[in-house]
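> For the protein sequence lines, the chains are A and Y, in the order given.
So that you can map any letter, position 120 of the first sequence is 124 in the working numbering, and since no number is skipped, the others follow by simple counting.
So that you can map any letter, position 232 of the second sequence is 239 in the working numbering, and since no number is skipped, the others follow by simple counting.
These are calculated hints, taken from the structure and not from any lab test.
These numbers were taken from a predicted model, which means no experiment stands behind them.
Glycine included, each C-beta is placed from N, C-alpha and C at the ideal position.
Hints should not be assumed to be uniformly reliable.
Among chain Y residues calculated to face chain A with C-beta under 10 angstroms, some are [claimed, not checked]:
#, residue
1, A139
2, I146
3, M238
4, F241
5, L246
Ranges between beta-carbon positions, derived for each pair [said to hold, decoys possible]:
#, chain 1, residue 1, chain 2, residue 2, range
6, Y, T169, A, T283, 46 to 56 angstroms
7, Y, V68, A, E185, 26 to 36 angstroms
8, Y, E389, A, E532, 30 to 40 angstroms
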Amino acid sequence: MTDFTLKTDADGVAIITWDTVGKSMNVMNQQGFLDLDALIDQALADDTIKGVILTSGKPDSFAGGMDLNIIAKMKESAGDNPAKGLMNGLMDTHKILRKIERGGMDDKNKGGKPIACAMQGTGLGIGFEIPLACHRIFVADNPKAKIGLPEIMVGIFPGMGGTTRVTRMLGAMGASPFLLEGKLSNPQKAKSAGLVHEVVPADELLAAAKAWVLSEPKIVKPWDEKGYKMPGGAPYHPAGFMTFVGASAMVNGNTKGVYPAAKALLSAVYEGAMVPFDTALKIEARWFTHVLMNPSSANMIRSLFINKEALEKGAVRPDVADEKVKKVGVIGAGMMGAGIALVSAMAGIEVVLIDAKQESADKGKAYAEAYMDKGIARKKATPEKKETVLGLINATVDYDALKGCDLIVEAVFEDVAVKAEVTKKVQAVVGPDCIFATNTSTLPITELAKASESAENFIGIHFFSPVEKMMLVEIIKGQETGDRAVAKALDFTRQIRKTPIVVNDARFFYANRCIIPYINEGMRMVKEGVNPALIENAAKLVGMPLGPLQLVDETSIDLGVKIAKATKAAMGDAYDDAVDEILFWMADEGRLGRKTNAGFYAYNDKGKRQLLWDGLEAKYPLADDQPDLTEVQNRLLFAQVLEAVRALEEDVLMDIREGDVGAILGWGFAPWSGGPLSWLDMVGTPWAAETTNALAEQHGERFKAPDLLEDMAAKNQSFYGRFNPAKAA
Amino acid sequence: MAEAYIYDAVRSPRGKGRKDGSLHEVTAARLSANILNAVKSRNGLEGHAVEDVIWGNATQVMEQGGCLARTAVLASELDERIPGLSINRFCASGMEAVNLAANQIKGGAGMGYIAGGVEMMGRVPMGSDGAAIAVDPSIAMDSYFVPQGISADIIATEYGFTREQADQLGVESQRRAKAAWDDNRFAKSIVPVLDQNGLEILSHDEYMRPQTDMQSLGGLNPAFQAMGEVMPGFDKVALMKYPHLEKVNHIHHAGNSSGIVDGAAAVLIGSKEFGEAHGLKPRARIRATAKIGTDPTIMLTGPVPVTEHIMKQSGMAISDIDLFEVNEAFASVVLRFMQAFDVDNSKVNVNGGSIAMGHPLGATGAIIIGTLLDELERSDKEVGLATLCVASGMGAATIIERV
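Chain A with its partners taken away, still in its complex shape:
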C-alpha cells in the first residue's frame, strides 16, 4: 500500500490522492516523495491526461507536515558528510516540486499540464510547500483549517521551497509574518493574504479544481516569465533596500543573535531575491542545510516538537485506565483558582468553584466571563462558547456541591494549616478515593498529604500564572502518591491542553528550584556592583525572555522575601543569605515590583516599565572593574543549569526530556538551546564542568560542578547519551 494513488476520470483529469497509511493526517515520508514523483511523471507522460488535481484522502485536512526521519535519513545518506547528504536530499526534493511547478512546460513556457491542489483543510509545513508548487490552490471553506509554514517556531525555516516561493509571491515585507513569525491563517485569511487562490465550499472543492484544470488555464508562474519583479522590490531596489536594512535589524534585535534559523531564513530570502528561481532554490537549500547542521536547531526540534508532543501524549503516564476528568472541584477562587476553573470549563469539564465567601467565588467566575468577552471582542470566541463555558462553572460557598467530583484542585492560600483544613473539609464530602490535587509552588507535597485520609490519592499540581496563558503544568508526586493520582493529573492536563512534567517532591520542585538561583544571581551581581543594565542585557543575549531583575519585579519582591524567610526557617544554618540584604532593603523601600509601580525598575503612572531605578546605583555603586559579557552570561546560565543537573541527580527529575521541556515552557529558559540539559550537551560536559568550577573559585561553592556533571565530564558523556529516554523506554 502506498500513500499516493492516481486515478484518471472520464474527462482526462488525473486525481492524485495523498492518504498516509495509519495516520489521521497526512505526513510526508521518504517513500512518499518517491511515489509522488513517479505519479507526476506518469501524469505528465500520459497523453490522455489533460491535467492533475492533487488532493488528500483525509476528510478535512491536506497534510500536517513531514516525518522528521527524512532529515535524519538525508544526513546519513552521504557517509560521513551529513551536510552533503542534506544538500543532495533537499535538491532532490526541490526537483520534484519544481517538476510539479513546471508542469511539463518547455523552456519557452510552452505546453505543460495544469496541476491544481485541492486542500480539504489544514496544510502545514511541507503540507503547504507542496500546494505552493502547484499552479492553483483551492481550499475548502473550513474556518478551523490552519494554513502556513510554522517551521520557524521549532528552530528551522521552510526549506522545501516555501521560503523562496512565498517571498516571490508576496515580496520580502509581505512574506515576513508567514516566514519569520510562522503565522498560520484560516482559508479566508490565507486567500486575502495571497497565499492561496480560491476558497470554496467543501463539497464543491474537487469540482472547482476540475473546472479550472479543464479551462486551459495559464500555468506559468510569474517568476518563470520574463520581466518578473519581486513585489516590494529586490534588495537593491530603493524600496527593497529599506525593507532589507530594517528586516536584518528587527530579526537581530528580536532574536538577540541566538536563533540561527531566522538569520539563515533572511539570508536565503536576500540572496535568493537577486538570482533566477532555480538558483534561489539552491541557495535556500544551502542555508537550510546550514541550519539543520546547527545543534541549536536539532535541540529545539527535539524539545519543542518531538519531546513536548511525547509528554503531552502521555510518555510518562503510568499504565492505568482512563482517568479523564468529568467534574472538577476548584477550591479557592483567587487568581489561580479562577484560572484553573476557566481552562477546565473551556475543556468542557464541569467545574465547582468554591470560596469562603459567595462574593469571592463570583469574582472568580467573573474572571472567566471577562476572559471570554475579550475573546469575543477579538473574534477568538463566540457568545455561544461563552454561554457553554460559564454554564459549566458553579461558583458557590457550598462544599456539598463537590459531590460527584472526580478531581479536586485546591488553590487556597499558601499555608500548610489553611490547606490542611480545606483538605479535611473537602474529603468529608468527596471521600478519600477522589484524587486530591494541591496547587502550590513552594510547599512540600508529602507534608501537605498528611492532612489527607489517602496520601496515595494526594498529588501536587503546580500551575503557572496566568494559568490560561502558561503552557506548563508541573505535577509533583509526594512520597506516597500512587499511579492513579498521577494518571488523573496527566489526563486532566491533557484535557486542558497543557504540557505536563512529573517530578518528585523536593524543595521548590523543579521549575522554581532553577529559577530562584537565576533571580538570586542577578541580585548578587547588583550587590557586587555589576552594572544592572549589563546583567539584564546579558540575560536577554543568552535568550532569556526577562532579565533577572525584571523577573523579580514581575513576580514581586515580597514573594521573594516570603520565600527567603521560609527557606531560611526550613534550612537553618545551611541557608545562604547572600541576597537577603538587597531583597529586604527593596521591600523596606516599598519597592515591591510592578504591582507597586516601583521595583528594580521605575514605572510611569500608567504602570509602564521605564528604566532601571536610579536609586539602585546610589545604594550599590558600580564597581570600577566590570565583568565581561560572557562571565555575566555564564553566571546566569549555570545558576539555572546546575540546579537542573542537581534535580536529575536527586531524582526530582525522572526524565531528562521533562527537564528540558519544562525549563523552556515553565520559565522560558533559552529556548534556542533546547533546554538546560540540551545546552550542556551542546557545549559539552567537560567544558561545562571546567567553566563552572572556575566560576566556583571566583564566586563561590554554589557553582561547583555537581558530582553527576563531574562524572559525565570525566567520561565525556552527554545527557541525551547517558539518560536517553528512548533507550530506557
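Go by the hints and put chain Y onto chain A.
Below, chain Y alone, put in the same frame as chain A:
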C-alpha cells in the same frame, strides 16, 4: 625617501544637496572638471604634468560611476595622457586620495598628482550605490549594523555627551563659519562654479544658517529616535553590542549633524622636483598619513584610534599639533575627539565645519586639508592634523606641516 608637498588646494563652494540647491543643475563630471581646470590654470599644468588624478567619491553609481576620475579628466582641459583613479573610503575618500598621492610620490611613483574628490549628494543620493553591510542579513547581523545617526547617538551615550553640548557645538560651527566668510578666510581656495558661458552659478557656501542659536536648535526633535526605538528598532541592535548601556540617548538632529550638500575639492601634490619643474613654491609637506578600522557599530569613533596610530607612526605627540580639523559628521564625533585627547575647542575646526557648511562625502577630506593649510598660513602656525570618521567603522588622518 622623497617628500610630498602641497602646492595648491582649491574647492568649490558647497551647494545645498537638494532639488533647489544651486549646484543641483551641475553634473558630477562638470563640477569635477571645473575644479581640475582651476588647478591646471592656477598652476600652469600644461601637457602630461601630473602622474594621475586620484578622485574620491562615496557613491559610485550613475553619473558618479564608471570611473568618474577618468571621465572628469576627459571632461576637463587636462592632457588626455593623465589617467584617473576613482577611490572610495566613504567620507574620507578625498583625504585618502591626498594620502595615496602623497605616498606614491614618497615611494617614487611619479612626481605630481592631483588628488581630491566630489559628491553631488542632491543628484546621487547617499546609499544609492547599495551596501551589503547594511542589506545582506548575514553581514548586517554579524557586524551589528546600525545607521550612522544611531552610531553618533551611541557615542554620545557611551561617552556621556548631552544634547546641550552637541547643540552648542552646532551653534559654534555656524558662528565660526560666518566669521570666517566675513573675514574672507576661504578666499585662497574657493573657486566659484561657472557655467559653460562663464556665468556664475555659485560663489559661496549656501547651506549655512548663521542665525542658528541654542533656542532654535532646542526645538528640533532627535532625528534618529524613531528608527532607533520604534521601527525597525536599531537601538536593540546597538545594545547587543554595548550591553552595559541601558538605552541609547538620542541627541542628534539636522542642527548638530553635517549638512547634505554638493561640492568638490582638489589638492595639488608633488615632490620637490615637481615644484622646481613647474616653478611652484611648496606650501606644506605631508608629514604623515594613516587609516584604521574600528568597531562598525559605534562606527564613527575612528578619529581617536587613527590619531593615536598616526602619532605613533610619526613619533609625534598631540602637543605638537597647532590646529585640528575633525570633520563634523556629527557633533559627538568632535566632542569625543576633544575628550579623548583633552584638546581645547579653540584649536579645533576654528573656521567652522561640516555642520555649518555641509559635508560633500567624497570631497570633504580634501576640503578640510585645504582649510587647515589656509588657516595655518593665516594664523602663522606650523603643524595641523586633519581627521575624519568613516562609515562601516574606519578612520583616516593626515598631518601637514608648513615649509
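> Hint by hint, say whether it matches the structure.
Structure-based check of all given hints:
1. A139: holds, 9 angstroms
2. I146: Constraint on Y:I146 satisfied, holds at 9 angstroms.
3. M238: Holds, about 7 angstroms.
4. F241: With Cβ-Cβ at 5 angstroms, under 10 angstroms, it holds.
5. L246: Holds - the Cβ of Y:L246 comes within 10 angstroms of chain A, reaching about 6 angstroms at its closest.
6. Y:T169 x A:T283: 46 to 56 angstroms: Holds - the Cβ-Cβ distance for Y:T169 and A:T283, about 51 angstroms, lies within 46 to 56 angstroms.
7. Y:V68 x A:E185: 26 to 36 angstroms: holds, 35 angstroms
8. Y:E389 x A:E532: 30 to 40 angstroms: violated, 52 angstroms
The structure fails hint 8 only (numbered hints given earlier).
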